[in-house]
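Student: Fit chains B, C and D to the known structure of chain A by using the hints.
Chains as they are written, first to last, in our numbering: chain A, 1 to 347; chain B, 1 to 347; chain C, 1 to 347; chain D, 1 to 347.
Don't take every hint at face value.
[Claimed, not checked] What the simulated footprint calls covered on chain A by chain D, stretch by stretch (three residues with Cβ under 8 Å from a Cβ of chain D suffice, anywhere in the stretch; the number is not a length):
(1) 145-151
(2) 240-254
(3) 295-307
Quick caveat, the hints were computed from the structure, so don't treat them as lab data. Note that the Cβ used here is the ideal one computed from N, Cα and C, for glycine as well.
Number of protein chains: 4
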Amino acid sequence: MIKVGIVGGTGYTGVELLRLLSRHHDVTIQAVTSRKEAGMKVSEMFPSLRGFVDVAFSTPEEADLKSCDVVFFATPHGVAMAQAPELLAAGVKVIDLAADFRLKDPAEFQKWYAMEHTCPDLLAEAVYGLAEVNRDAIAGARLIGMAGCYPTSVQLGLLPLLENGKALIETQTLIADCKSGVSGAGRKAEVGTLFAEAGDNFKAYGVKGHRHLPEIMQGLSAIHGAPVALTFVPHLTPLIRGIHSTLYARIRPEGRETDFQKLFEERYAGEPFVDVMPAGSTPETRSVRGSNMVRIAVHRPGNGDLLVILVVEDNLVKGASGQAVQVMNLMFGLPERQGLDVVPLLP
Amino acid sequence: MIKVGIVGGTGYTGVELLRLLSRHHDVTIQAVTSRKEAGMKVSEMFPSLRGFVDVAFSTPEEADLKSCDVVFFATPHGVAMAQAPELLAAGVKVIDLAADFRLKDPAEFQKWYAMEHTCPDLLAEAVYGLAEVNRDAIAGARLIGMAGCYPTSVQLGLLPLLENGKALIETQTLIADCKSGVSGAGRKAEVGTLFAEAGDNFKAYGVKGHRHLPEIMQGLSAIHGAPVALTFVPHLTPLIRGIHSTLYARIRPEGRETDFQKLFEERYAGEPFVDVMPAGSTPETRSVRGSNMVRIAVHRPGNGDLLVILVVEDNLVKGASGQAVQVMNLMFGLPERQGLDVVPLLP
Amino acid sequence: MIKVGIVGGTGYTGVELLRLLSRHHDVTIQAVTSRKEAGMKVSEMFPSLRGFVDVAFSTPEEADLKSCDVVFFATPHGVAMAQAPELLAAGVKVIDLAADFRLKDPAEFQKWYAMEHTCPDLLAEAVYGLAEVNRDAIAGARLIGMAGCYPTSVQLGLLPLLENGKALIETQTLIADCKSGVSGAGRKAEVGTLFAEAGDNFKAYGVKGHRHLPEIMQGLSAIHGAPVALTFVPHLTPLIRGIHSTLYARIRPEGRETDFQKLFEERYAGEPFVDVMPAGSTPETRSVRGSNMVRIAVHRPGNGDLLVILVVEDNLVKGASGQAVQVMNLMFGLPERQGLDVVPLLP
Amino acid sequence: MIKVGIVGGTGYTGVELLRLLSRHHDVTIQAVTSRKEAGMKVSEMFPSLRGFVDVAFSTPEEADLKSCDVVFFATPHGVAMAQAPELLAAGVKVIDLAADFRLKDPAEFQKWYAMEHTCPDLLAEAVYGLAEVNRDAIAGARLIGMAGCYPTSVQLGLLPLLENGKALIETQTLIADCKSGVSGAGRKAEVGTLFAEAGDNFKAYGVKGHRHLPEIMQGLSAIHGAPVALTFVPHLTPLIRGIHSTLYARIRPEGRETDFQKLFEERYAGEPFVDVMPAGSTPETRSVRGSNMVRIAVHRPGNGDLLVILVVEDNLVKGASGQAVQVMNLMFGLPERQGLDVVPLLP
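Excised from the complex, chain A in its bound form (with noise of 0.2 Å):
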């Protein structure tokens, strides 16, 4: 059995790790640690885990997760940098699910998250937790920093476009325009993601620039393995959960003959968690509602020079704990399904 622990497990991210680890049949839960909430049981705040977790928080003193054998950070940005280096020395493998190391540069990181990185070393050991590109990598890892909700859903509706130097799309006019469901903002206490803001309502944001632009166009550089610029524009719709992103691609004269169906079903033909739908399919968010699951589907209206490519995924799972539960199977060895192997929730 392995032994995980959980740093910050009061928000989504955390609740949602409790979810699925407390089905993973290979998995320990040994701390769950929250310094506000020690004492209290996880269930009694999250009532849904009643019967399913036993565990109580407790402070990061008392957790003791030098003796885990992996340890999630679901905590805001900045605090696995701080906390890291000390557990990967005790052998501990650190699976971050903020950005502490999602961004390569550490001039990048402290541009974006406007703090100072405190252990740039790490940065270049880091393997960034995206298994459709980087399972290799991931399997011999003991440091992951995992791609961002948005960054998911973007990368994996271009990589067949784009990997290995592709010359079948501009690569210097891509638009992403994505929409997320509000529990992306985590379950932190603001006003304009109260129910009475968010609800019944529909805006645009961050379109001068989001955090997670130089995520998505660092990883689409590195699948490329050249620059690649892209237009981000992320909107919140009043969903809990899922990410749709709308992703807009100019195919280039080379690309004209391509079968682009053809091609994303035999790139992702053997991955355990992308659907690619049939011709002319538009996916829901809520086919992927409590998933693993990413489902694409590829458009070419009016058979021009624009390729839309539609990506659904749901931002607790695939976007964040679900994934990271996938990097963890690949870490020590474990079927990538294990404990990932839910329907999503219809209706």
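Tutor: Chains B, C and D in isolation, oriented as in the chain A frame:
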């Protein structure tokens, strides 16, 4: 033109006052105070008011509230009682939408609101702002404690049964099973009313005791002329605006022959904002969305001894700001519907 | 492996059966019938099932339901009673999720469902599918009329108070104020349950009489061993899944010394799917979303003579398909939790 | 007083016309037709209108529409073209909210609406009901084909960039990523727009081709004076009212020095219902809820070559019934804001 000041314009009752008063032909909005947002245009915080309200938030000092004819307090509990004495002394009428002047007994106030009442002498003078009960007293008042959102719906639903010592129903076993939209909790940063918490979710709260219970009991007892007891169970339902109160009353033997439909219709025949629906109706909250109307339906299932009364209101209008404008109209001798002739928004 | 047939797989209870049964280790889904959609893959209608359910809809004729071990009817009222006799004669067990075998009196059935009962003889044999009441009878049955969604929550909320002629509460003045999510109305094209009608809206319905009332009265009377009378007021609330029942019961003088919290805890101590919450709790519908669990809280406001019992369930799981799987487990001697060990989805 | 008839008063655009016209000081509602509901009071179907609209539905025969000054068609496609010739011949002005008189080419109409156009001669006469483009023509017209909901937002968002042959942006690669609330689908019994289907769900639809695409292309081409091509991807989002269009336009070299914020502000300076937001804004759909206002924000991320224009409107008001009242005002020489001076409902 009546010169109006609004203290606390950044919450839902504040913006709702502005929506209504900005179209009220006899009113000038002289000042909207917010110490925190002083200098910001009101319409910058609430873009729905662009083109309708040109005023900026001001500090209380700048606002010169003493030059107003009337000041509305759309503030947390405790603010109005601190400022009312000075305003009243300057000849300004005061309408408090919070609870400072609702409960007649300062000890009760202290028990439920956890603060000492600083001007208990004014409690005796203050008139309870429920026009259907206190129309004449309101017209002559200079200080109003507006009825709360739940209490308005419960009192209007039971008024015809209890008024003036009527013996139609048992008065010690009343039940009010009430459901409120989330805006009732205000525009405060809190986890419990986040979209991802309150959305797609339903729960009771405050079963042990809710601040509106003593207000309802005081109001009903005053209406009846004798003590009335009631069990109050509020629930949070995922709508933005709206309260639906389902009221249960046992018919006394003396009441069995009563035509309750007729009783309600006659009682409310002249009321501009109370609509008794045809027999058999089940009113919807959206049928009053954005309006000052209350709709009531009276049921007697199986022609038995239990009355079931259904009441809907918009908690921000008849349950708060609309009713406050109605009260202002009465205080200044204006037609009661002035500024409130708004068709509900459906769908 | 138990060979399972599902008649009527295009509604919400159908897709919910498929969600649960597709992960049930002792079951093979042999056929899902839909005359209208015959030939279409089930996962084409419900993409959430892609990768989990590979079967296509078949006509009843193709389906060869007589070769199944058990057939679930997730159909409109009237379908099961037409097909059950033949299936039972062929040795197939039948579990009806509709109302055909709920009411024991065919005249009552005809009154509420506006159709004659075509096999009244089977009504006597049919066992009411509420495991917490009828566990042993279910285990030996070949025909089950599953409990309705509202009746499940109301009966489980009152069971400990009424069982075996207990005299703790008044049995003629019970009130069930129930609130249901919109999926309870089924996946039928109707104006009243459109998003733009039922969204941001709350209303009562069926106050004059609802089909679940005779079922609740029959069930409670059977539990009590004497007639029980109840006023039932259902409401439609804008959530997808979930029922919240608020039950009101007057305590009899004989019941005043009872420790009701303890009574409920002891009664349900061994029940796998009934969770009595700690004293003072207010259970949320989302705490059981997607799961077969019912959560109950017992309140006695002001330590008076009125009990307020709060019950939450997922209407599509414990209120329908999950409970049907629970019943199937009992009928086939399987562990009761088999296939139902699902953590609720929160948020 | 203008005598108004409404054909088809049972849908959302019908009830919205009634909401607005019932408070319009220069209008008498003479008839609201519905063959199916003839005899029923309009306010019985829509209780929100109780006290505001006293008329009952009538059959078209009873309605004597020829005695009206103007008749609105709030009907399915095909109804207006059947009745318009006779009404026009009788001197009645006609405003069609459906698509019968939008497309100039009858072959295009037939292609997209699957019915032959029965009065193609009137197509040439009909004026496209988008006041910001056709104000003068509308004022002199007797037949209007109102602009559709999506087309209104897209055309207003691009108008300042394209008018009169401007060469600021590329005109063949425009993208309109649009998101609509569910009321846009109308008040029709359909599975896809049920609360339990469209709630907590987000999806694209009509990617292969949507009826509003030819209307948008025709409109933009007319504005520009040369063919304009656009990719249109509509999405369904779980809100009741509201459209958010996110428009993407490549800046041509000739346009690079343009101050786009100023361009938009100047173009719309005199428009009563178009609000250009301050630079950097992200307009919310709720900021126009219930009002005829459109709000627009212009972004140029990273000061690059892609313009991102955000447009919000209430699809039932500016996207349908409100704009129809605006057009009626123009046709009858009334102030354009008459009856439309409504503050948006927020929250």
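Student: Kindly indicate which numbered hints from before are broken by the structure, ordering the numbers from low to high.
Tutor: 1
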